[in-house]
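*Asks:* Residue numbers (numbering that gives the first Met the number 0), protein chains in the order written: chain A, 0 to 236; chain B, 0 to 291.
Since the hints were derived computationally from the structure, they do not count as laboratory data. Beta carbons: idealized from backbone N, C-alpha and C, even for Gly. Among the hints, a few may not be true.
Claimed, not checked - Label-pair restraints from in silico Cβ distances:
no.	chain 1	residue 1	chain 2	residue 2	range
1	A	H15	B	R89	18 to 24 Å
2	B	G256	A	K68	54 to 60 Å
3	A	P121	B	F106	56 to 62 Å
4	B	T69	A	E55	42 to 48 Å
5	A	T133	B	P123	50 to 56 Å
6	B	K2	A	V88	44 to 50 Å
7	B	R177	A	K222	35 to 41 Å
8	B	F106	A	H15	36 to 42 Å
9	B	T163	A	G215	47 to 53 Å
10	B	R89	A	D178	40 to 46 Å
11	B	D264	A	K68	43 to 49 Å
12	B	M283	A	K52	36 to 42 Å
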Amino acid sequence: MMLDIKNLHVHYGGIHALKGVDIQVEEGKIITIIGSNGAGKSTLLNALSGVIKCSEGTIEFLGQPLPRKPNRIVSAGISQVPEGRLIFVNLSVEENLRMGAFLRNDKAAIEEDFAKVYEIFPRLLERKDQIAGTLSGGEQQMLAMGRGLMSDPRLILLDEPSLGLAPMLVNTIFDVILDFKALGKTILLVEQNAYKALSIADYAYVLEQGKIVMEGDAPMVAKNPDIQQAYLGKRRT
Amino acid sequence: MEKFIQFLINGIAIGSIYALMTVGYSLVYSIMNFSNFAHGGVIMLGSYFGFFAITILKAPFWLAALIAMTGTTLLAVVIERLAYDPLRRRQAPSLYYIISAMGISIFLENIVLATLGADFRNYPPLFQTSGFYIGGISIGKLDVLILVVGTISLFGLMWLIEKTKIGLAIRATSFNLRAANLMGVNTEFVIFVVFGLGGLLAGLAGVMYGLRYTVWPQMGLITNKAFVAAVFGGLGSLPGAIVGAISLGIIEAMATGYISSNLRDLIAFVLLVTILVVRPSGIMGKATEDKA
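Start from the sequences and build out the full structure, keeping to the hints where you can.
*Replies:* So, in structure tokens, the structure goes:
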């Protein structure tokens, strides 16, 4: 198992946000976590990235205990594309990507990854010298995802990548997630758009009020009547 | 006209000392979003370090500056560890940082008052022997030295910020600390570097200010001018801090030359209030959030 989370508890902002979560991520797969606002999805990803402390439980990554500091976690091979993109608005597109590769020193391989990112997102190549704050919302999401690729991660954590985007762009973003998978990356995807997330994922977890209430192969979860009613907007017949 | 050029050169010289003070102040603001009022105390101690290096150790200018800069860099970093790091661990709001900064500032001032007394001390005249004459304009050797050293240091700093990897990390952290963290930037280290850089330039500024004027325990109050310059240029913007500081130096020199030196500080603070009313984000400021 690439990532093995056992009995994870997190207290955040005075709230017991995660109450004993168990999640397994298999290498090369897309794993999605669906759930409503405030279920603890972002808290989980931030705990994995080391920016929020865990109060109990164990996390193993590639058979080793996950380091605690965010920079060590990035070096270990986990990158996060945060909710709301959090790009560096006053830096150029290229400098933003360079920040993604901040901990790497292998110049030749970094250049190759620049080429990969520009191949997936030709729009970013056109705008590489532009200040990132001037990009459109969709382009900023692309930049955030490209930046997430630049650390050459084994596992990419995607936090609500489709949030606030027009339907056409949402499709583009989900195609990109499949491109990432084709590059051999493992993906842990947190989404409110459960329908799209379940359509590309291999395995799914449903998080409600800090607890996993259901898990299974994505198509199975998508067929579950409770899930259809709660997250997919279908009525019980 | 000659008088004007004379005042202008004086203004740029004193402005470049202000710039050395302001950049340290502005860098800390850009990363941590609070006004580091302890910076004045660091400058004051830098000035004393230089003074004693010259009077007791008989050090030449460059060695005195080096000793002062080493001392202030260490001091700035220690202040960060003792006064701000514990607040950061508790995720305290920026008001707490300002209170802590004021406490450190009062502490430094009083420790000097208690040990060295309240006297004004004059640096030995290292550079005042003669000046250069071009046309009818005389430029003191000290002003030339201040201009050269100031310009080199400020360009060095700009190079570091714009062209190096740690500079990129500093810029990224100032725009979004959390995102920089997620990229693997050790933001603790960035904060350490920023305080160190601020301290380094504070030491240099302290020695040059002491050489041009004098040293006294309350001289940390001149950071109020660094604050004015930083607000004028736009808090958090490095080029803004430099432009703001040099403009302030020129305005003060003109006010002193054409009106009266008594009005110098009055004009500086009228300027601050005017800017806050007319253009709160300054010449090149990043945003108009609260200026704490």
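*Asks:* Work down the list of hints and note, for each, if the structure agrees.
*Replies:* Hint by hint, here is what the structure shows:
Take H15(A) and R89(B): their Cβ atoms lie about 20 Å apart, and the range 18 to 24 Å holds. The given range of 54 to 60 Å is respected by G256(B) and K68(A), whose C-beta atoms sit roughly 55 Å from each other. In this structure the hint that P121(A) and F106(B) lie 56 to 62 Å apart at CB holds, the actual value being about 58 Å. Judged by the Cβ atoms, the range 42 to 48 Å given for T69(B) and E55(A) holds: they are separated by roughly 46 Å.
Checked against the given bound of 50 to 56 Å, the beta carbons of T133(A) and P123(B), roughly 55 Å apart, stay inside it. A hinted range of 44 to 50 Å for the beta carbons of K2(B) and V88(A) is consistent with their spacing of about 46 Å. Judged by the Cβ atoms, the range 35 to 41 Å given for R177(B) and K222(A) holds: they are separated by roughly 38 Å. F106(B) and H15(A) have their C-beta atoms about 40 Å apart, which keeps the hinted 36 to 42 Å range intact.
Evaluation of the 47 to 53 Å hint for T163(B) and G215(A) yields a pass: the beta carbon distance comes to about 50 Å. The hinted window of 40 to 46 Å between R89(B) and D178(A) holds, with their beta carbons roughly 42 Å apart. Checked against the hint of 43 to 49 Å, the pair D264(B) and K68(A) passes, with Cβ atoms roughly 46 Å apart. In this structure, M283(B) and K52(A) meet the distance hint of 36 to 42 Å, their C-beta atoms being roughly 38 Å apart.
Hint check: no violations occur; every hint is consistent with the structure.
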